[in-house]
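K.L.:
Listed below are the residues making up each chain.
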Amino acid sequence: MVNPQPALAIKLGKLELAYPTLMGSGCYGSGEEFAPFVDLSKIGAIVLKSVTRLPRLGNPTPRLVQTPAGMLNAIGLQNPGIEWYLEHELHKYAGRPCKIVGSIAGFEIDDYAYVCERLAARDEIEAIELNVSCPNVAQEGETFGCDPDLTARVVEAARATTNKTLIVKLSPNVTDIVAVARQAENSGADALAVINTVRGMAIDVETWRPRLGNITGGLSGPAIRPIAVLAVYEIAQVVSIPIVGQGGIETLADALEFFLAGATAISIGTANFTDPRIPERLVAELQAYLTRRNIGSIQEIVGRAHVEIATAHQYEGDEG
Amino acid sequence: MIGMTMLDLRPRVAATTILERRELADGVILLTLHAPELADATQPGQYLMAIPPSGEAAATALAVYEAEGKRASILFFVTGKRTRELANLACGDQLDVVGPLGNGFDCSGDADDVAIVAGGVGIASVWLCARELLRRGAHVRLFYGARTAELLVETQRFADAGCELVLATDDGTRGERGFVTDALVGARKPEAIYACGPSPMLRRVGEIANGFGVRAQLSLEETFGCGVGGCWGCVVPLTNASAQAPNFPPAERGGSDVVYARICKEGPVFWAHELRW
Ligand SMILES: Cc1cc2nc3c(=O)[nH]c(=O)nc-3n(C[C@H](O)[C@H](O)[C@H](O)COP(=O)(O)OP(=O)(O)OC[C@H]3O[C@@H](n4cnc5c(N)ncnc54)[C@H](O)[C@@H]3O)c2cc1C
Ligand SMILES: Cc1cc2nc3c(=O)[nH]c(=O)nc-3n(C[C@H](O)[C@H](O)[C@H](O)COP(=O)(O)O)c2cc1C
Ligand code: FES
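Those protein sequence lines, which keep their order, are chains F and B. Each residue of the first sequence is one higher than the one before, starting from 1 at the first, in our numbering. Each residue of the second sequence is one higher than the one before, starting from 1 at the first, in our numbering.
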């Protein structure tokens, strides 16, 4: 089949996508939910909701709170567990008009390896994303993705089980995201997803109680976009594997920011909740942009915003 | 419709035009939309997601209040940023919506004497249900409560259609003083109950239905994300044995007796006796 828009085609490791747009894990179900009114063939890939070794009921309600320019979520990784998932869910994803990326979460290193091996063995799944923003029960609940070495061990364990493209999704809730990115690359990641949600909370001033059932949650949407752009920009300087940029992408300008910062592809999550037509519109607008600027491929603009500070009179570590 | 397989009336994104805008009370808006496909496809108790014209917030879940011919309407209270934006729309403006969505009320069956219980803006979800029940010849009592008289909107429409009204207000300015559920407890036992309103009211309706020994269908509300089943943000605990329970292993397979179902997808209407909230 002839690729209709070669200018937008990209690769993440072995994963070839017709469009550089992925639908964020946990935001798009399995695609089925959006299929009645979205042309899935105009989407690069859907990243499925993270699945775990054992079933998880998920968090108490409320699980969502609208906040300025975004939202907080605390879903709690509700999912039926890998066995049930393989048996009852996965077959539905066969024959989707876009690529399907599985997402894995875990609470022990071994969980990642176990689930990755089983999931990656299935034909419906073309790549695996590792969601490392989970607490490690063996280490007093420290988040895997907050520690470069723990991240490395998760990636190595998963890497050993599959040759399919492995995307590691980084948490922004760290002091040095670049160090984690570097370790993920060294441990065998084929691509990095940057960033997952930013921790936050909201309080109901009527009842004096946290507004989320889980108390804390993850912030997404335009509110986190500058944080995400910076993370992509800095990580792109030290890794050579592709980056899937995400965090509040809604418009063409938002998408371009991520490509220019160094992302090879973009992921759209929360924007689908505003208007499900956004992914299709973005692809059309990206195509028109390239044509208008006479650019042959989206890949030509990746990382083009990287510049040196001309006059370095800023003191280090403070942009204030 | 609950208890039945989903009809193949697929939701779509529709560009609608505002034909009429009425302020029914301070901060209570009724927008009538030119939306032929939506009006055609909507079943009682279904809702739509209104895409904010500014693009600056998540879409808002709103019941399809009225659907007739080429027109559908929404009725809402201005409670925040998104409903304020919708309230500022004028005749002729375009409003894009996704819908119809969700599994609404099952109005079939042979109950001749039914009670509909509405609290506040819950009235928006029950008009199509009342109309359907009246059409099939049922006697419909509408138990309708609000904070104050002014906020008891659209009562004439229900009365004209043939509903018997039992009204209540918190401050006693119209109907009985107190909760509408207090009126329901003391009333003649209905054969079936339909309800939409704030969660505390719905819980009470569930208890009352249980006391009466009749089945109740409750239309639930929760903060929505996607509104179409993709994010699991809008859930309510339900017995895993329910026909509406999502795909989840039962307890004997390492799962659970109670599971969270999506209000937007499996609901918004659930059987009261199947909820575990
Ligand atoms: C299936 C379904 C159908 C619905 N149908 C209708 C309908 O027909 N008509 C209708 O009017 N509504 C309906 N709703 C409810 C409507 O979607 C919500 O009220 C929506 O949140 C309004 O958005 P908003 O941005 O205007 O208000 P929001 O800003 O989301 O506020 C909603 C509520 O939260 C409270 N709130 C906001 N911020 C805070 C804070 N910081 N602390 C404490 N409380 C806060 C507000 O006071 C308000 O009561 C429906 C909901 C569902 C799920
Ligand atoms: C409701 C919701 C659920 C999410 N669930 C997951 C998840 O299960 N696994 C995961 O890796 N990321 C999850 N995310 C994070 C998103 O995939 C995405 O990385 C993040 O929201 C930032 O992008 P956005 O601003 O475009 O949404 C979730 C986000 C939201 C809003
Ligand atoms: S709002 Fe997303 S699943 Fe219901």
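Note that these hints are calculated values from the structure, not bench results. Heads up, some of the hints might be wrong.
[To be verified] Okay, derived cross-link-like pairs now, EDC-like style, lysine to aspartate or glutamate, Cα gap no bigger than 20 Å in a straight line: (1) B:70 <-> B:113; (2) B:81 <-> F:206; (3) B:189 <-> F:156; (4) B:81 <-> F:156; (5) B:70 <-> B:112; (6) B:189 <-> B:96; (7) F:14 <-> F:156; (8) B:81 <-> B:96; (9) B:81 <-> B:23.
K.L.:
For a C-alpha distance cap of 20 Å, please report whether residue 70 (chain B) and residue 113 (chain B) respect it.
P.N.:
violated (31 Å)
K.L.:
Taking only the CA atoms, is the gap from residue 81 (chain B) to residue 156 (chain F) under or equal to 20 Å?
P.N.:
violated (46 Å)
K.L.:
Mind checking the alpha carbons of residue 81 (chain B) and residue 96 (chain B) for me, to see if they're no more than 20 Å apart?
P.N.:
Within the cut-off at roughly 17 Å; holds.
K.L.:
Hey, residue 81 (chain B) versus residue 23 (chain B), does the alpha-carbon distance stay inside 20 Å?
P.N.:
holds (17 Å)
K.L.:
Starting from residue 189 (chain B), check that the Cα of residue 156 (chain F) is at most 20 Å away, please.
P.N.:
violated (65 Å)
K.L.:
Check whether the Cα positions of residue 70 (chain B) and residue 112 (chain B) lie no farther apart than 20 Å.
P.N.:
violated (30 Å)
K.L.:
Can you confirm whether the C-alpha distance between residue 14 (chain F) and residue 156 (chain F) stays at or below 20 Å?
P.N.:
At roughly 18 Å apart (the allowed maximum being 20 Å), residue 156 (chain F) and residue 14 (chain F) satisfy the hint.
K.L.:
Could you grab the alpha-carbon distance between residue 189 (chain B) and residue 96 (chain B) and see if it respects the 20 Å cut-off?
P.N.:
violated (42 Å)
K.L.:
Would you mind confirming whether the straight-line C-alpha gap from residue 81 (chain B) to residue 206 (chain F) stays at or under 20 Å?
P.N.:
holds (18 Å)
Hint compliance for this structure: hints 1, 3, 4, 5 and 6 are broken, all remaining hints hold.
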